[in-house]
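Protein chains in written order, with the working numbering: chain A, 167 to 787; chain B, 5 to 112; chain C, 15 to 216; chain D, 250 to 595.
I should point out that these hints are in silico values taken from the structure, not numbers from a laboratory.
Any given hint might turn out to be false.
To be verified - Heads up, simulated DMTMM-like pairs for lysine to aspartate or glutamate below, C-alpha to C-alpha not over 25 Å straight-line:
id : chain 1 : residue 1 : chain 2 : residue 2
1  : D       : Lys338    : A       : Glu710
2  : A       : Lys704    : D       : Glu312
3  : D       : Lys321    : A       : Glu710
4  : B       : Lys79     : C       : Asp106
5  : C       : Lys180    : A       : Glu781
6  : D       : Lys321    : A       : Glu781
7  : D       : Lys321    : A       : Asp671
8  : B       : Lys21     : C       : Asp106
9  : D       : Lys360    : D       : Glu312
10 : C       : Lys71     : D       : Asp421
11 : A       : Lys592    : D       : Glu312
12 : D       : Lys540    : D       : Asp421
13 : C       : Lys71     : B       : Asp74
14 : A       : Lys703    : D       : Glu329
15 : B       : Lys21     : C       : Asp105
16 : D       : Lys338    : A       : Glu588
No experiment lies behind these values; they were computed from the predicted model shown.
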Amino acid sequence: MATVAVDQRRRLFARPRATTGPASWFSTVDHKKIGILYGVTAFVFLLIGGAEALAIRTQLATPNNTVLSANTYNQFFTMHGLTMIFLVVMPLGAAFMNYFGPLMIGARDVAFPRLNAFSYWVFVLGGIFIYSSFFLGGAPDGGWFGYAPLNETLPGPGMTFYSLGLQILGIASLAGAVNLIITIINMRAPGMTLMRMPVFIWMTLVTQFLLLFAMPIIAVALFQLMFDRVWQANFFNPANGGDPLLWQHLFWLFGHPEVYIMILPAMGIVSEILPTFARKPIFGYAAVVFSGIAIGFMGWGVWAHHMFAAGLGPVANSAFALSTMFIAVPTGVKIFNWIGTLWGGSLHFRTPMLFALGFIAQFIIGGLSGVLHSIVPSDYQQTDTYFIVAHFHYVLFGGSIFALFGAFYYWWPKVFGRLLSEGLGKLHFWLMFIGFNLAFFPMHIVGLKGMPRRIYTYPSGMGWDFLNFIETIGAFTIAVSVLVFIVNVIRTRKHGEEPGDDPWDARTLEWATSSPPAAHNFDEIPIVTSRDDLWHKKYVEDPEGQPVPVIAGGADAQVEEEGHGHIHLPSPSYFPFVASLGLPVIGWGVVYNKPGVMILGGIVILLGVFGWALEPSVEEV
Amino acid sequence: MSQAEHLQEHGHPTPRKYVGVAIVLAILTAIEVTISYIDSLRSILVYVLLVLALVKFELVAAWFMHLRFDNAIFKRLFVTGIVTALLVFGVVLTYFFSHGGPAPSLGG
Amino acid sequence: MSAQEAQVTPVSDHHTSTGLDSVKMAMWAFLGSECLFFGSFISTYLLYRNSVTAGPKPHDVYNIPFTSVSSFVLLMSSLTMVLALSAIQRDDPRQMRVWLLATAMLGMVFISGQIYEFTSFVDEGLHLSTSTFGSSFFVLTGFHGAHVTVGILMLLTLVGMSFFGKLERGSRTVEMVGLYWHFVDIVWIVIFTVVYLIPSNH
Amino acid sequence: MSISHRGKRWLYALVGLLALGLTACSGDEPQNVLAPVGKYALKEDRLWDLTFMFAAVIFVIVEGVLVFTLVKFRHRPGREAAQFHGNTKLEIILTLIPATILAGIAIPTVKTIFDVAEKPANALEVTVVGHQFWWEFRYTGLGPDGTDVVTANELHIPTGQEVYLTLEGKADDVNHSFWVPRLAGTQDVVPGRENHLLMRADTPDTYWGQCKEYCGLSHANMRQRVIAETPADFQTWLAEQQKPGVKPTGGVAAAGQKAFLANACVGCHTIGGTEAAAEVGPNLTHLASRKVFAGALLELNKENLIKWVSDAPSVKPGSRMPSGVKDLGLSPQDVQDIVTYLLTLK
Ligand code: HEA
Ligand code: HEA
Ligand code: CUA
Ligand SMILES: [Cu+2]
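If we strip away everything but chain A, and leave its shape as in the complex, we get (with noise of 0.2 Å):
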């Protein structure tokens, strides 16, 4: 491709180079290295907002306790929520779409390497935007879903941080998510039919769809709340003829699909760990698509059941009650269709394996008392109690960290090359079972003894006291668990087996690869012939259906050498950080209400984008 070559002097930023070195992480395009910056990243979240947590469970511990005040305990849940939601499920999820959808798919990066740096880099700063409020006169303080118009009257600038911060978010899952949607449309390997893409490739694009289409309804509601909140605007405010339910219609929107990207990708990780270590096809992979798609489908018009309280009227309750309590047959069949999956097999009880089982098992419970949610005269109970706690930290943390921690213990070996310690990873998951089934299962019981959610203190003599008890005990065996993950990566850096390319005998093609991957992914883009494409070029079937092993060196006489001379790959750039620079200067502007700050904001954005228009994406070096 011909690429004009550009005067070096007359650039604002001299092209950046290096693809290693401390700076290069700032100009890298590489979707593994952004994989991997992801990945830290929302790893270093999950321990702020687990902190919180922690504290949260210490203020809980016992009745009239005082270790925070009303104020920072109710931050702190806020920050809690958003904080696990958008700052570790979500980009957790995104760190292995990003690293692992080229390879699955058998490309060389995703459709736009830039664009994808800039949704990594307008994350971290949105999430260190939201952060930065503690130390600017406090954090949001509405709750996760920041109902109209508490979000309007909340004193001190929380809310209009809230109100800015997940926008900035939603502006990088809105650019990843056209993104990955036409990687997986566009970029696939020959031969990769879209039935033959892994399961997780299928999640990942209904998920990615979901954000299409949910996050700009978000972004309507939340500027809905700016203009009220900085400029007087009447949205939710009741005094002026605004109605508080249209922000929860909007919300909830967004809110349902949301909770569906947090659990598909999860599925999807799931639907990948199983068929490996039970080494047989998955059950049923027609159905567990379309089951994906259907949930993703559904869950457009499921959002009400957020509302049952909110005084609808019977017969739109009924409607959401019906269909709310539906997806619970696509979702069946996932459950069943994994079973299926492990039914006849040879079940390798490795740690990912275990973790995946841990998913199973516990997003069964949080599946089930979703579906009693849906019971709207139950609902009318269980709402806004501990039970629906423990309802959304089975399906999120039982279910999607569940699934996550699975993906690392299942990955690692790829993307460093080095397996995570097998018993120090037991280990781990025994934690972390026990301590989440501690933490998590006492509180439907809890709930249904009449303890509301988002209550800073509570009476004794309620009941209630043992087990909220037995809760924190739970939690802090969770922190503990996580300690030994930590442990156990720091460990492997060192001393780590190396395994390498395919530690597990694994079916899909991030493991034809080297471990970890060349800057190009595959040396040969390769040619897919059938689904789980990796392991039939390892096994042919004897006549009784059972696999053999193709005679050694088959597999290997893939081409080694570099064929077809020079690979052309994106170069590094630093525009997308120059111009998600300019998003949180502007937030704090309307922060603030400084029109310099924002219009500041605003140049950044400018230069950066007209630098990123302006420089071709691949130079020739």
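Based on these hints, arrange chains B, C and D with the ligands on the given structure of chain A.
Structure of chains B, C and D with the ligands alone, referenced to chain A:
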């Protein structure tokens, strides 16, 4: 590029065609504005206006944005967005209007 | 942002799985997303236009003849936009620049009209904070105006790049900006009908 | 820990929950959802029992099959995995079973939704207003000359009669949610809107409840009690409430009344029979007839009232009632007098 080839296959719309479409758009706009002043049409006005807007929408999308000539994937991406929006906001607005619109202000 | 990613991706077009241009597909996906964005604002407006607690009601302030003219201007800018594309597809960058400039000019006329409209509404006592109608009107049309402004910036950038010979694969880039521009026009078609022409209750 | 152990853990947990559902203890668990009273809570509870049973059975079966699979197909040397890709017939059956169960559950669900929303003919109507962070109850038209009887935080209802609550959201307040678990599920109080909630108590008792929708700093401290009395007792109570506030007959109480009326208190509270007629805070006409105050956070006694009047926000973070001493300039003597007066307002 595949792009250009594609257009050529289906015959490049000529500038003349584009102008033709624009004239139709202009006429439709004129009609819209005019009928919005005719009181006797008030009862069906909303529907007529919506249909006219839809036609204009469709003309721009089909001709100026080339959806008529391009691969169906593009159309599907766009239409999915439109349909999702229509469905969910249809439900939201139906709900609000069947419940007497936005909150009647009960006073401070 | 997608429009700027106009350069070659690691695997170029004829190698994509669908044979279709990734940037164009990204643009369409983005526009699909924008439908939900404007859908939310338009729905908010529909919800609130009749619940005026204070200040003027919609048809106290609307000046339909004026807005019809500016709508017409925006509609015609779509024509000039597509003519610009047509020109570059015929390899005529000079004429393309003329049409692009014309498009940008029409866009600016539209924006000026909007600024005039906003100021006159404010004079008549309709502010962002007057009523829910004021809030939803200004924010909806304001965001549309912001989109037009971004479009104008992109058009002028294209003209500049083309003038200095920096516009590689110009027809594709022009096409992307064009898609964006037409979309903004389409949104206005809806806004013009739903916000201005359809009568409000009072 | 072995896999079968894990299965048992789940079972124990489940049995624990079941046992809890059966032992409907109330005494020391005043907000226990599973100890319902009166037809509305009972209806909701019956539906819960049904659906929970289904959920429990599904849980046991699915987790059981899962654990069984894990044990049976664990890797053993020499065993190979069977390579099959699916089984369409089985998959269809396994899709239809849950769908059928859900369709079955849907029927009583929808029926109950409509049941608990239907306004009965001769219900007692009370308006409930949510405030940050306390509840106002208005018995419309039951006061003298068609005025309202207004009280706070303690809702008195007669037993054996449906009570139709109109939940009114003040436009300058925020969302709350009125919840008395043993009597009925929750309904939100939405600013600018009206919602409705039905409850009925068949046995006299004091039922506890708590605001359930997060409403700011003292959401945790916004509680309420429902006092269900026999119709006769209820009428007696009502008759008392209809009277104007007790007039002090001199002494400390009179000084207290004077201080009350001379200070900012009068700008926020109503005391029947005096010129205090503001409605920012709770109606205090019969304050001393209540057992709890300040959003049912504190027991009504002299010590607590002194604390409250001196400095409400330190007792209840974010309280809209300013600190008597710090903000309103009351002297400790004023506080003593006012509290003495308030305690006479039976
Ligand atoms: C990962 C995120 C996630 C997932 C996957 C789900 C899944 C589901 N959720 Fe959950 N939900 C949340 C996250 C999630 N939820 C969060 C965060 C909240 C709280 C928000 C807040 O208020 O802060 C919430 C709140 C919430 C509510 C509102 C409660 C309230 O506030 O009053 C409801 C109500 O219906 C609900 C229902 C459901 C249902 C029916 C499912 C279904 O998808 C579950 C389906 C799965 C199964 C049913 C299990 C497996 C199936 C079988 C074994 C087949 C056989 C089963 C049957 C026949 C029943 N959820
Ligand atoms: C993925 C989502 C996710 C995850 C993983 C968690 C994890 C945890 N959450 Fe959850 N939580 C939410 C999402 C999540 N949460 C949401 C959405 C809400 C609703 C918020 C709202 O109402 O607005 C909520 C609310 C919520 C509440 C209710 C608060 C209230 O209503 O008043 C509680 C109470 O116990 C709680 C507890 C916990 C605990 C103990 C953990 C534990 O699992 C955490 C375990 C700890 C760690 C993983 C970190 C380990 C830490 C260390 C090793 C120390 C590190 C040290 C330093 C950094 C100095 N959470
Ligand atoms: Cu009122 Cu919570
Ligand atoms: Cu939901």
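Task: Agreement of Lys180/C and Glu781/A with the hint, judged by alpha carbon distance not exceeding 25 Å - done: Roughly 10 Å between the alpha carbons, so the hint for Lys180/C and Glu781/A holds.
Open item on the list: Please verify whether Lys21/B and Asp105/C have alpha carbons no more than 25 Å apart.
Closed with: 19 Å, holds
Task: Pair hint outcome, Lys338/D versus Glu710/A [Cα-Cα no greater than 25 Å] - done: Cα-Cα ~22 Å, so holds.
Open item on the list: For a C-alpha distance cap of 25 Å, please report whether Lys704/A and Glu312/D respect it.
Closed with: 34 Å, violated
- [ ] For the pair we were handed, Lys592/A and Glu312/D, check the Cα-Cα distance against 25 Å.
- [x] Answer holds: Lys592/A to Glu312/D is near 21 Å, not above 25 Å.
TODO: Compare the distance between the alpha carbons of Lys703/A and Glu329/D with 25 Å, and conclude whether the hinted pair is satisfied.
DONE: 19 Å, holds
Open item on the list: Against the 25 Å threshold, does the CA-CA distance of Lys321/D and Glu781/A hold or violate the hint?
Closed with: 60 Å, violated
TODO: Assess, step by step, whether the Cα of Lys321/D is no farther than 25 Å from the Cα of Asp671/A, and give holds or violated.
DONE: 22 Å, holds
Open item on the list: With the threshold set at 25 Å, check whether the alpha-carbon distance from Lys321/D to Glu710/A stays at or below it.
Closed with: At roughly 22 Å apart (the allowed maximum being 25 Å), Glu710/A and Lys321/D satisfy the hint.
Open item on the list: For Lys71/C and Asp74/B, compute the direct alpha-carbon distance and say whether it is at most 25 Å.
Closed with: 43 Å, violated
Open item on the list: So if I understand the rule, the pair passes when the alpha-carbon distance is 25 Å or less; does Lys71/C with Asp421/D pass?
Closed with: Holds. Lys71/C to Asp421/D sits at ~23 Å (cutoff 25 Å).
Task: Proposed proximity, Asp106/C with Lys79/B (alpha carbon, max 25 Å) - done: 29 Å, violated
Taken one by one, the earlier hints fail for this structure at numbers 2, 4, 6, 9, 12, 13, 16, listed in ascending order.
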